[in-house]
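> Next come the chains, spelled out residue by residue.
4 protein chains.
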Amino acid sequence: MSDLLPIYLKIRNHSTDLCKELNTEDHNLQAAEFVSPPKWHLAHTTWFFEEMILKPFLKSYKLFDEGFAFLFNSYYNNLGDRLLRRNRGLISRPELNRILSYRNYVDQHIVQLFEDNPSDQVLELLVLGTQHEQQHQELLLSDLKYSFSLNPSYPAYGQQRNYIGSKNQESGWVKIPDGIYKIGHKGSEFSFDNEHKQHKVYLQAFEISKSLVTNGEYIEFIENNGYNNFNLWLDEGWAWINDENLQSPLYWYKKKEGWWHYTLSGLQKIDVDAVLCHISYYEAMAFAAWKGQRLATEFEWEVASDEIKWGSRWEWTNSAYLPYPGFQITEGAVGEYNGKFMSNQMVLRGASSVTSEGHSRKTYRNFFHPHLRWQFTGIRLAKY
Amino acid sequence: MSDLLPIYLKIRNHSTDLCKELNTEDHNLQAAEFVSPPKWHLAHTTWFFEEMILKPFLKSYKLFDEGFAFLFNSYYNNLGDRLLRRNRGLISRPELNRILSYRNYVDQHIVQLFEDNPSDQVLELLVLGTQHEQQHQELLLSDLKYSFSLNPSYPAYGQQRNYIGSKNQESGWVKIPDGIYKIGHKGSEFSFDNEHKQHKVYLQAFEISKSLVTNGEYIEFIENNGYNNFNLWLDEGWAWINDENLQSPLYWYKKKEGWWHYTLSGLQKIDVDAVLCHISYYEAMAFAAWKGQRLATEFEWEVASDEIKWGSRWEWTNSAYLPYPGFQITEGAVGEYNGKFMSNQMVLRGASSVTSEGHSRKTYRNFFHPHLRWQFTGIRLAKY
Amino acid sequence: MSDLLPIYLKIRNHSTDLCKELNTEDHNLQAAEFVSPPKWHLAHTTWFFEEMILKPFLKSYKLFDEGFAFLFNSYYNNLGDRLLRRNRGLISRPELNRILSYRNYVDQHIVQLFEDNPSDQVLELLVLGTQHEQQHQELLLSDLKYSFSLNPSYPAYGQQRNYIGSKNQESGWVKIPDGIYKIGHKGSEFSFDNEHKQHKVYLQAFEISKSLVTNGEYIEFIENNGYNNFNLWLDEGWAWINDENLQSPLYWYKKKEGWWHYTLSGLQKIDVDAVLCHISYYEAMAFAAWKGQRLATEFEWEVASDEIKWGSRWEWTNSAYLPYPGFQITEGAVGEYNGKFMSNQMVLRGASSVTSEGHSRKTYRNFFHPHLRWQFTGIRLAKY
Amino acid sequence: MSDLLPIYLKIRNHSTDLCKELNTEDHNLQAAEFVSPPKWHLAHTTWFFEEMILKPFLKSYKLFDEGFAFLFNSYYNNLGDRLLRRNRGLISRPELNRILSYRNYVDQHIVQLFEDNPSDQVLELLVLGTQHEQQHQELLLSDLKYSFSLNPSYPAYGQQRNYIGSKNQESGWVKIPDGIYKIGHKGSEFSFDNEHKQHKVYLQAFEISKSLVTNGEYIEFIENNGYNNFNLWLDEGWAWINDENLQSPLYWYKKKEGWWHYTLSGLQKIDVDAVLCHISYYEAMAFAAWKGQRLATEFEWEVASDEIKWGSRWEWTNSAYLPYPGFQITEGAVGEYNGKFMSNQMVLRGASSVTSEGHSRKTYRNFFHPHLRWQFTGIRLAKY
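Residue numbers (the working numbering), protein chains in the order written: chain A, 886 to 1269; chain B, 886 to 1269; chain C, 886 to 1269; chain D, 886 to 1269.
It is possible that some hints are incorrect.
Identical chains blur together in the list; that is why a pair holds if it fits in one copy or across any two.
Below are the EDC-like pairs computed for lysine to aspartate or glutamate, each with C-alpha atoms no more than 20 Å apart in a straight line [said to hold, decoys possible]:
(1) Lys895 x Asp1128
(2) Lys1176 x Glu1216
(3) Lys1154 x Glu1142
(4) Lys1176 x Glu1221
(5) Lys1194 x Glu1242
(6) Lys1268 x Glu1216
(7) Lys905 x Glu980
(8) Lys1085 x Asp1063
(9) Lys1140 x Asp966
(10) Lys1139 x Asp966
(11) Lys1140 x Glu1221
(12) Lys1082 x Glu1121
(13) Lys1071 x Asp966
(14) Lys1139 x Glu906
(15) Lys1268 x Glu1242
(16) Lys905 x Asp1191
(17) Lys1268 x Glu1102
(18) Lys895 x Asp1158
FYI, nobody ran anything at the bench for these hints, they're computed from the structure.
Construct the complete structure from the given sequences, taking the supplied hints into account.
This is the structure:
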């Protein structure tokens, strides 16, 4: 892990880079309880290093601010009381500048920590902290997109990067024979606890599409009455689209001249050849039913992952987020990272166009509730 | 299927038998949207036979009452509009007597149908109807218990049957070696579509308890601060017990002299040796975590089922309710029976002391949302 | 008060008379938290006599049932805990027959009480109890109508009485000159505490219509876009009709061939000449604004009451329900009868076609929240 | 109105003065739907001048930004669609600086308008606009206090002004004889439409306290179990304090060493001699009941207003907010200013320590819902 410090600094800088085109006021936006403001992400990821590493392991470390633990703890019950999640956008003080100072302060002390030849335990926690920060980089973008989307002027976050997703996909299907396969992570590279332990599963033979569903294909589903045909929907999905009065993916708007969607570059006409984004598990399942096909399980996906191109959308699987055989919850706060969320969520595999570089692998298990759509989610079909 | 008619009649009579100690007013009780009144169960199961069998297959059959389809359809979108679920308790008219006439009318026509040498398709639907009625018999009892429980006088449903659950359980663990096992139903006896198709799974070696958790063991968990230790709980379980202010299973009351619970025989002192009942998946998971053990998956349960005694509690498994490989949704209304509920629910295996006789098998998949407790649910532990 | 006993018995019998065409199941209907089942009304009015009179004043009186105080207290905090209001429809036990026995038992003891030459205090409470019972007779009918209305078969309560309201009204306006007038009750006949004390008010000159608004006039308002013109509505009224998606009075249904409404005689075509019913204060205010007129204050109404014909609809006034000068809350439970409801409610004056005979007078102050419509409410216009 | 321009400019500058100690992020705080961010107040008051005056009356006026009407309309249905109220805090763009430019732009054009010898109608609207802006200055402070209060660091808005309220009050009672009095505004100075028309009322003789209730008196009420004695409370008040679990005024915290409260100068120990603040109508009524006294009506208050010192708290009256005799709603958007809010609100009289200078008069009618507490509200007692 000799090269960890430059990686650490690179990842840390990427977080502030992501915010460099934001104005001060943008940093506090929180449009719903399930999103967090950019400033909070910047502070919380910093607190994680302070709380998990500097406080226990750097001798005579002095907290930057005693009150920050309360403000910037996310959900760690083991680490004390915390601000109500829905109030994160109300923290106009400490100001942005003070959070940026906090980041510098913590980074300097992490550098100092490296000078003392840190133990393997510390190094492992440091890697965990960088992975954690990368997760929040993705959240920062998807959260900000959601908050911006409620501003009637449809602000552009920036023009510098293509978040729309690739257009020229390979066609056809990958065939996988039945048999026993190994699932889960093994080896010395970083992985989360929920990827363990590696274990065997038996899979039936199946086929999985080489391409993700495009906007054009999904428009066909809409125009074929997809949102009004109950036979295609899970019961809770059907209730949900009717309660919420939904007829399209998140951020889509029907105008006279066709479909538009809000993107991080502002409101844009939808490109029918581009990859579909911002759909819920329920919509993914309904679309698959309409096609007479299905979603892959997370095990099928992992087995096929070397033969498909993935990376512009998180792909809903038809697997519930549950522990692998032999999964153990770690003692203490780190143990709250993953295991306690194993109910009512579905696994997503792959990565998306807003996933940070280097933060993806074939055993990675992302998870969200089936009705959520503000992540960069898409559909890959499978069949027997 | 030569003996189907007597079976049909026996099952149909069992439904009215279950109500024979109820007064007329009890028949309309609906204490929450998720329960239904006894009268509605009696009518809905009858409508199922009328709608699925008599209407399409008995020549010149005349509906008993044109309005009943609207009143007594449960959730079949394919069969038209229906009464809002929460309003089932408001149907004081048609009166109970008219529902009993409806039952007789439909039974007579089913008898008539048998005289015409019914096709295999009809016979299969008849079996489905009887299985459906047995499911509602169990619901009738659990629903009624729930509705009664909100009457401060704690009415006794009847004394005639022991619903408390067995007390003398075998102790110890069953060991199952790793390997490939067959899961799901195959053969000519009745099974639901969600038990299909039979398929192979690979299981790690595991052990499963021969006994269900008792009230006494659970009281120990309570007294060891189980409901106040967040480390034991799934995140949504922890939120749920705190929002609802829960500190014990459903129907339990702490009095000075100890724990009491409401039962179908009225309020009773809790027997510490009897089998625990009316707990949610969240509580089952927390209890298992406290024990340092876990719940079995539904596959483990099925493989071990021949070597454990089951039948007084529905046993929560740690498997989400999802389709088996190759599961196909049937065309039409029958297809709405199971598949559309495959989200956010956990599988329960076994049977309970209120399950109708003959309505259980080792491949049977029951399912409920993880916070629900009004079914006769319990815990069996497993470990590697 | 020598004739009080026959009056008592007549009023008591009227309650059971009102239920004589109901089936046993109808007696438990409670379609919303704000309505109560007929059985509960029958029991609660009886409990009032038991709790307020027999228990404190009849020597060696033995309660009919110790548990009834909990079940049949409505809102008297001074009289102990009580059943949650929304659960009144769940009391299938005690059965209807036992409630009828309770009524007889209490009536017999009231008769016995009369034999002992009761004190003035007791006689006053007895009168209060009969007035209270008459209020519940009206509620019984309006509550039952509401509960029946959710049964898709639109049950007919009975044909024996005309609840539709008179048709041939006098036209024109009554003119009242400005000046000081006396408002409120004075004298020896019964009145509620909220009618006291009599006091002077100064009124500007005004005019008040001799007739109530008819269905035909209101249909004109609807057809003139009344429910879609925000300028006519109070802000909270506008929010309410939009949240609830309302376009007509309660119980109205638009069919191809015109307007129908649910009545206690079943679903009927609306008679345009009959008096409008089941509208909220918000609708009354919007209609008046559309006419360029207004509602009278309760003081104007009382002053004009001798010159207008009233009695088929409770008439919304533009007065909030607040204490008269010198109003005193009585000590103890009786003090909870009226005073504690003096917030967010509007006064209605007059009486309706379901008000019990003898239960109306010009100083009577009825009151409901401005969005409620299940009472038999109507509109009388006023102007300066 | 020759001096209107300097008054206009002074009032406009006061708004930005109020924000001069805020950081950029503070300007977007919106902690609840019923409060608005400072930036929104700054923009909305400016839009009012643009929309009501510049657009219709300044020839060739060019809107500063076409999109602002949607963003900064508050509740004027006549003026088109608008941003959802709860989303006001999400408008990070336009930035604060652009709003300040907007203010300058509009101010410059108002100056230009003055050069053209504006009509009386325009001058009247200008006065209305300044009065409107002063109302928002008070809201800006009370809203900001509310939003700040949810920041665990209890930010200090500023030290420069005493918002705690006066301490040395006169004691004793003012006696007013019965008789006919004139109520409401008449004359050429500015007043709102809801103060019209002036009219006669008859009042009983009464007494009104010369002082407002102090913190010390209210602590006595709390310590005498005031929040737990249902006999003191209106029914909806009792439900409200129990649902919300309230035991003290807004912003009060009980510490070991006594009562503290959050103020615009940060968290402070409560001064028992200072005037009580931030109580609801329900609490005011309960306190008065506990004292055996009452709140004055708004008419009593107005009649006595010359003989009492008022101005540090808005004083709850026992009058509902309803139209005066002859009240007329103005045509168009200005007509939405007051009249449409005349339901479910109570009148407050006087002014508070955050009311802008020059924005109070004895006929002024403020109004809020009875459970709201974030205004600077207090209690003055009355009796007969």
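> Indicate which option fits the pair Lys1176, Glu1221 if close means a Cα-Cα distance not exceeding 20 Å: within, between, both or neither.
between (39 Å within a copy, 18 Å between copies)
> Measure nothing new, just compare the shortest in-copy and cross-copy C-alpha distances for Lys1176 and Glu1216 to 20 Å and report within, between, both or neither.
between (45 Å within a copy, 15 Å between copies)
> Regarding Lys895 and Asp1158, is the shortest C-alpha distance of 20 Å or less found within a copy, between copies, in both, or in neither?
This pair counts as neither: shortest intra-copy Cα distance 34 Å, inter-copy 58 Å.
> Could you figure out if Lys895 and Asp1128 sit no more than 20 Å apart (CA to CA) within one copy, between two copies, both or neither?
neither (44 Å within a copy, 42 Å between copies)
> How would you label the pair Lys1268, Glu1242 (within, between, both, or neither) given a Cα cut-off of 20 Å?
The answer is neither: 31 Å in one copy and 39 Å across copies each exceed 20 Å.
> Are the CA atoms of Lys1268 and Glu1102 at most 20 Å apart within a copy, between copies, both, or neither?
Answer is within: at 17 Å inside a copy they meet the 20 Å cutoff, but 46 Å across does not.
> Classify it for me, Lys1140 with Asp966: is the Cα-Cα distance of at most 20 Å met within a copy, between copies, both or neither?
between (47 Å within a copy, 18 Å between copies)
> Classify it for me, Lys1194 with Glu1242: is the Cα-Cα distance of at most 20 Å met within a copy, between copies, both or neither?
within (16 Å within a copy, 53 Å between copies)
> Could you figure out if Lys1154 and Glu1142 sit no more than 20 Å apart (CA to CA) within one copy, between two copies, both or neither?
within (9 Å within a copy, 46 Å between copies)
> Given a CA cutoff of 20 Å, do Lys905 and Glu980 count as a within-copy pair, a between-copy pair, both, or neither?
Both: 16 Å inside a copy, 16 Å across copies.
> For the identical chains here, do Lys1082 and Glu1121 meet the 20 Å Cα criterion within one copy, between copies, both, or neither?
Intra 32 Å, inter 24 Å, cutoff 20 Å: neither.
> I want to check one pair: Lys1140 and Glu1221. Are their C-alpha atoms no more than 20 Å apart within a copy, between two copies, both, or neither?
For Lys1140 and Glu1221, neither the intra-copy (45 Å) nor the inter-copy (33 Å) Cα distance is at most 20 Å.
The structure fails hints 1, 11, 12, 13, 14, 15, 16 and 18 (numbered hints given earlier, in ascending order).
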